[in-house]
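*Asks:* Below, each chain spelled out in residue letters.
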Amino acid sequence: MTTPTKPMNPAVELGSDTAALFGRHLRHLIRMPEKLLGATLMPVAYVVLFGVLFGSAMRAPGGNYQEYLMAGILAQTMLTNVSSTALGIASDLNNGLVDRFRSLPMTNLSVPLARTCSNMVIALLSIVVMSAVGYIIGWRLDNGIGAALAGYGLLLLLGFAMSWFGALIGLVLRDVEAINSVTILIVLPVTFLSNAFIPLGGLPDWLRAICEWNPLSAVVTACRELFGNPTGELGDSVLVEHAAPMSLLLTGLMLLVFIPLAVRAYRRAVTR
Amino acid sequence: MGIAIQAEGLRKRYGENEALRGVDLSVPTGTVLGVLGPNGAGKTTTVRILATLLSADAGHASVAGFDVAGRAREVRRRIGLTGQYAAVDERLTGRENLRLVGTLYHLGRRTAKRVADDLLERFDLTEAADRAVKGYSGGMRRRLDLAASLVARPEVLFLDEPTTGLDPHSRNTLWETIRGEVAAGVTVLLTTQYLEEADQLADRILVIDSGSVIAEGTADELKRKVGGERLAVRLTTPESAERAARALTGIGTAPATLDDDGLTVTVAMAPGIGAVAEAAGALDSLGLDVDDFGVRRPSLDDVFLSLTGKNTQVETG
Numbered sequence: 001m002t003t004p005t006k007p008m009n010p011a012v013e014l015g016s017d018t019a020a021l022f023g024r025h026l027r028h029l030i031r032m033p034e035k036l037l038g039a040t041l042m043p044v045a046y047v048v049l050f051g052v053l054f055g056s057a058m059r060a061p062g063g064n065y066q067e068y069l070m071a072g073i074l075a076q077t078m079l080t081n082v083s084s085t086a087l088g089i090a091s092d093l094n095n096g097l098v099d100r101f102r103s104l105p106m107t108n109l110s111v112p113l114a115r116t117c118s119n120m121v122i123a124l125l126s127i128v129v130m131s132a133v134g135y136i137i138g139w140r141l142d143n144g145i146g147a148a149l150a151g152y153g154l155l156l157l158l159g160f161a162m163s164w165f166g167a168l169i170g171l172v173l174r175d176v177e178a179i180n181s182v183t184i185l186i187v188l189p190v191t192f193l194s195n196a197f198i199p200l201g202g203l204p205d206w207l208r209a210i211c212e213w214n215p216l217s218a219v220v221t222a223c224r225e226l227f228g229n230p231t232g233e234l235g236d237s238v239l240v241e242h243a244a245p246m247s248l249l250l251t252g253l254m255l256l257v258f259i260p261l262a263v264r265a266y267r268r269a270v271t272r
Numbered sequence: 001m002g003i004a005i006q007a008e009g010l011r012k013r014y015g016e017n018e019a020l021r022g023v024d025l026s027v028p029t030g031t032v033l034g035v036l037g038p039n040g041a042g043k044t045t046t047v048r049i050l051a052t053l054l055s056a057d058a059g060h061a062s063v064a065g066f067d068v069a070g071r072a073r074e075v076r077r078r079i080g081l082t083g084q085y086a087a088v089d090e091r092l093t094g095r096e097n098l099r100l101v102g103t104l105y106h107l108g109r110r111t112a113k114r115v116a117d118d119l120l121e122r123f124d125l126t127e128a129a130d131r132a133v134k135g136y137s138g139g140m141r142r143r144l145d146l147a148a149s150l151v152a153r154p155e156v157l158f159l160d161e162p163t164t165g166l167d168p169h170s171r172n173t174l175w176e177t178i179r180g181e182v183a184a185g186v187t188v189l190l191t192t193q194y195l196e197e198a199d200q201l202a203d204r205i206l207v208i209d210s211g212s213v214i215a216e217g218t219a220d221e222l223k224r225k226v227g228g229e230r231l232a233v234r235l236t237t238p239e240s241a242e243r244a245a246r247a248l249t250g251i252g253t254a255p256a257t258l259d260d261d262g263l264t265v266t267v268a269m270a271p272g273i274g275a276v277a278e279a280a281g282a283l284d285s286l287g288l289d290v291d292d293f294g295v296r297r298p299s300l301d302d303v304f305l306s307l308t309g310k311n312t313q314v315e316t317g
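If you read the protein sequences in the order shown, they are chains A and B.
Taking full-length UniProt numbering, I'd label the letters of the first sequence as residues 1 to 272.
Taking full-length UniProt numbering, I'd label the letters of the second sequence as residues 1 to 317.
In short, the hints are calculated from the structure, not lab data.
Treat the hints with care, as some may be off.
[Said to hold, decoys possible] Part of the chain B face toward chain A, derived, beta carbon under 7 Å:
no.	residue
1	51
2	53
3	54
4	77
5	81
6	83
7	85
8	87
9	91
10	100
11	103
[As the list claims (entries may be wrong)] Sample of chain A residues with no beta-carbon within 10 Å of chain B, all distances over it, derived:
no.	residue
12	40
13	55
14	62
15	117
16	142
17	178
18	213
19	215
20	233
21	242
[To be verified] Some chain B residues near chain A, calculated using beta-carbon distances under 8 Å:
no.	residue
22	48
23	52
24	73
25	76
26	79
27	89
28	92
29	96
30	104
31	105
32	106
From the three backbone atoms N, C-alpha and C, an ideal C-beta is built for every residue, glycine too.
Sequences and hints are given; from them, build the entire structure.
*Replies:* See below:
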């Protein structure tokens with residue numbers, strides 16, 4: 001009586017499953033204007049608050065603080081992908097949708113992949129809005145369009161890696177409160193123990209060393225270079241000295257680690 | 001007739017907790033197996049292993065002719081699963097939910113669309129089809145969830161407590177749908193805490209408790225196993241109910257039990273009118289005010305109580 005569905009080419013299948021689920025996430029986005037508002041207004045508030053507040057108290061070596069700040073604040077926004085992805089995937093897990101998906105003859109990779117990709121839509125939107133606001137407060141791209149696009153690409157790559165990290169955290173922790181506390185515990189020190197907001201010149205040596213070896217500093221420095229913004233005084237850590245190749249390497253490594261771990265966690269995940 | 005679901009020696013442990021201690025079961029094609037047991041008995045774990053969501057620590061199982069561990073993909077193409085939660089996307093409409101599932105079954109866009117429309121019609125959801133599921137009632141969500149598990153016309157359907165929390169009307173509707181699927185040749189494994197549900201739908205019943213099968217048979221076989229008839233007497237005060245229970249314990253074949261309400265005494269009786277007359281005489285001589293007095297065949301509740309020493313209803317409320 002039953003005609004089982006025909007097997008497909010695995011690559012076609014991955015594309016088709018991911019596209020179907022990506023469509024689902026886009027519908028969510030359109031139906032939850034509050035989520036869109038959060039993704040755009042929060043970063044704008046950051047740009048304005050930090051830019052104006054810190055900008056009037058701090059001077060960046062070799063340029064104004066607003067110009068120094070933008071790469072840092074864009075990178076920080078990419079880190080917030082950890083919690084948004086983690087909370088989204090945990091909600092699918094807790095209301096039984098993951099059980100349903102896992103009982104279907106679909107590819108395992110497609111469920112976290114569609115979610116991380118759809119988060120990149122939000123990330124891109126935040127980047128565009130923040131850049132516009134940055135322009136208004138005096139931030140300029142001084143290194144040509146190609147380099148600027150490379151910088152944006154690097155930011156999105158960081159966001160993608162963080163999104164996969166979030167998928168892993170969400171699948172392992174499940175609980176909303178646990179996810180919130182763990183992501184804050186990770187994101188906060190990574191953000192502030194870096195050169196994202198403050199030039200490192202004035203820090204004591206030991207603290208400065210920590211900040212220079214923070215991978216986020218590498219990404220932020222690379223973006224500043226690509227955007228043609230002041231980088232501040234660079235230390236002698238190989239991460240900030242060769243910021244662009246190092247950040248490519250580091251985000252690539254993160255993806256290599258987080259994707260298999262997240263897919264493995266997904267394959268074992270059941271609603272409790 | 002073939003065997004659609006077969007399991008041997010399924011074991012599963014979560015840390016210290018042994019969820020399954022060797023479960024065997026076998027469901028002939030086109031029949032319904034009811035898996036009955038209280039919370040934490042291992043019903044959901046069994047379903048999840050059979051539906052390829054969990055791997056067993058020991059034992060093996062096959063569904064629709066394919067091993068659940070080695071050929072999960074083939075199994076997934078032939079099963080439908082309705083879990084304890086209505087696993088539907090709240091932000092999407094009913095129609096979008098069904099189309100999404102159809103696409104994920106790789107039915108193709110056009111077929112997925114047609115199947116979704118057919119199912120919405122069949123489950124009386126056409127009117128609500130284009131509204132977000134968020135606004136659906138509990139019964140509508142369950143119907144949509146069941147519809148989602150039927151999108152690819154599965155050979156085997158797993159229903160994990162499909163009617164928990166539903167009002168009687170919605171429950172009856174769901175039962176009718178399940179009967180319809182069985183009539184069309186689908187094999188069903190249904191877990192439930194409701195003895196009535198197993199009695200209504202299942203060809204055979206498996207009673208599990210603490211991860212082990214403690215009884216198996218048709219509803220009639222299980223009732224016969226418990227034997228005898230039940231005398232139920234309802235008193236007007238808890239004190240008189242306790243006195244009646246003491247008196248009836250001497251007459252029945254097992255100690256009398258008090259129901260939750262504290263007023264109804266139930267006791268297993270030897271067959272025949274003699275024991276009933278003796279019970280009536282005993283109550284009369286105590287001068288108790290008897291509200292109701294009746295003899296009935298044992299229900300599945302009685303079966304469960306005598307098998308496990310626990311009353312299912314106490315736990316399920």
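*Asks:* Tell me the numbers of any earlier hints that the structure contravenes, in ascending order.
*Replies:* Structure breaks no hint.
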